[in-house]
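Chains R and L, in that order, give the protein sequences. When the letters of the first sequence are read in order and numbered with my numbering, they come out as residues 1 to 310. When the letters of the second sequence are read in order and numbered with my numbering, they come out as residues 1001 to 1310.
For the record, the hints were derived by calculation from the structure and aren't laboratory data. Backbone N, C-alpha and C define an ideal beta-carbon position, used for all residues, glycine too. Just to be clear, a hint being listed does not mean it is correct.
Said to hold, decoys possible - Short derived list, chain R residues pointing at chain L, Cβ under 7 Å: (1) V21; (2) V67; (3) G68; (4) T70; (5) R79; (6) Y80; (7) E177; (8) K232.
Said to hold, decoys possible - Quick look at which bits of chain R chain L covers, simulated, 3 or more residues with Cβ under 8 Å: (9) 114-124; (10) 288-296.
Given next are the chains, with one letter for each unit.
Protein chains: 2
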Amino acid sequence: MCALAGGVGAAKMLRGVLRVVEPSSVTAIVNTGDDVVLHGLHISPDLDTITYTLAGAVNPETGWGLVGETWEAMTALDRYDGLTWFRLGDRDLATHLYRTQRLRDGLSLTEVTAEVVSAWGLGLRLLPVTDDRLETRVTVEGEGEINFQEYFVGRQHNVTVSSVRFDGAEAATAGPEVLDALAAADVVIVCPSNPIVSIAPVLAVPGVRDAVVARRDAAVAVSPIVAGAALKGPADRLLRELGHDASVVGVARLYRDFVATLVIDEADADLADAVQDEGMRCVVAPTVMRSGEDAEALARVVLAATGRPA
Amino acid sequence: MCALAGGVGAAKMLRGVLRVVEPSSVTAIVNTGDDVVLHGLHISPDLDTITYTLAGAVNPETGWGLVGETWEAMTALDRYDGLTWFRLGDRDLATHLYRTQRLRDGLSLTEVTAEVVSAWGLGLRLLPVTDDRLETRVTVEGEGEINFQEYFVGRQHNVTVSSVRFDGAEAATAGPEVLDALAAADVVIVCPSNPIVSIAPVLAVPGVRDAVVARRDAAVAVSPIVAGAALKGPADRLLRELGHDASVVGVARLYRDFVATLVIDEADADLADAVQDEGMRCVVAPTVMRSGEDAEALARVVLAATGRPA
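With the rest of the complex left out, here is chain R (with noise of 0.2 Å):
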């Protein structure tokens, strides 16, 4: 099984679906087009959400970083007037300093990545979509172009968006394992995930966007949009920015080239009709995670409208 994977959505699910299949048996595709390079540190915010969450680490209050991390180094960075716009806890950092230090040792990302999960424990394979530079760059009305940190982080997604684009995605090749990963996948999940910002940067990189094209049978998206709004992050407001409806028939018609079934939310029972006539199948059910037992549920859900048993 493959998931389209961005970063607290899709670790979310991505916990249900570990409750039901083996876990050697699924591949998260996952969006690095958040990346960034910071104090000279390769930063992958998605990858290690993911990680941290599935390992039962992340900070359950946040949504990423570690539960009972400390700051004392970023509170030192303080004095120095440093960037601390862009927390990074002390035990987090490890992870940075570590990817960092392997890919100046001449690892991939992919590499690297492999070497992270394995020492988390998980069971899944965990691929960048790329080991490539993607970098998702916002134009925010009134300032310009920036990179997708300094919109999410820095401005704390508080500003309005014209434009999206994936700085580097022509050039980039899909990670060595990516392609095969989609065309060997008896299912593949889209998580729920930012459709313009998580999902959409996986697309872009050639290759990738036909690879799920060809296997839209088998694709099953979960909404981000719960009852026209994101439950977390701005993917409502980005959708209304960019022209595109911030509701499940909104999130429809961006993934119905690649998709044939949308599960949504029970809130938003009323639009199934209005999903199916995009040409999707439509599966009602609840959707949002507060707990493991949801996102089991929810994993349940998806593979059903598959047709694999779980």
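Got chain R sorted already, so can you dock chain L onto it with the hints?
What follows is chain L alone, placed relative to chain R:
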């Protein structure tokens, strides 16, 4: 006043100097041959040891690193089997994060160092001897040539050394203020640092040795060897292994071309004549700095030796 400086011994000496002269009149020209890039971070051990010591923030037990430090990042790095032999405390990490970011921003090491020194509220000028790459490399018996920190920290300098060289020195340019500072100094102090791996790399940067030679009459060194032993580190062993006398006389032979006066410890009073036989003036005084008062007294001796009132 100018000082040629390595790490712990120089830091203690400078602490004394700052007690007796106006800090703004003091320039320390600091060894960067110990600098190392680990985890992608630019680490400048001697600059940091001096900064932390003068700020009263150094760990008094080790002589390096910060007092009251925590080690969450290093402990977390163990999970990945990462590089933990070079211990970086969480608060100390902030210095390396900041330095690395600012170098990436395009500042020189000289400029970043000035920012760090200012952030700690220090009044003196700390100058890296060069902004260019300078890497002390050590040939270890049975192992071959390794980086200085691999030798010093990794092997805890508990190996036999057959040669030392300063990679990059020939191509390096002295820092932008270094040669002028030496030319303008009323006094040049060669701090009680390791002659082989702290003072020699400073002198190896083109122009520096000549600039010190030109100020020989104003130059006074404090012997880092007391009673045939280094107070800290491998200076005695290195001197012996590289064919020098591990004594104040051996130090005199290494320094006599560019230093007029050698301050030796009372424990070596019987060697004063032998030092003078090497063509240097010799001053006998207590040189072991256990306290700020010790360091201040030594600073007064050094200044008196040059004829400068203190």
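**Asked** Which earlier hints can't be squared with this structure?
**Response** 1, 2, 3, 7, 8, 10
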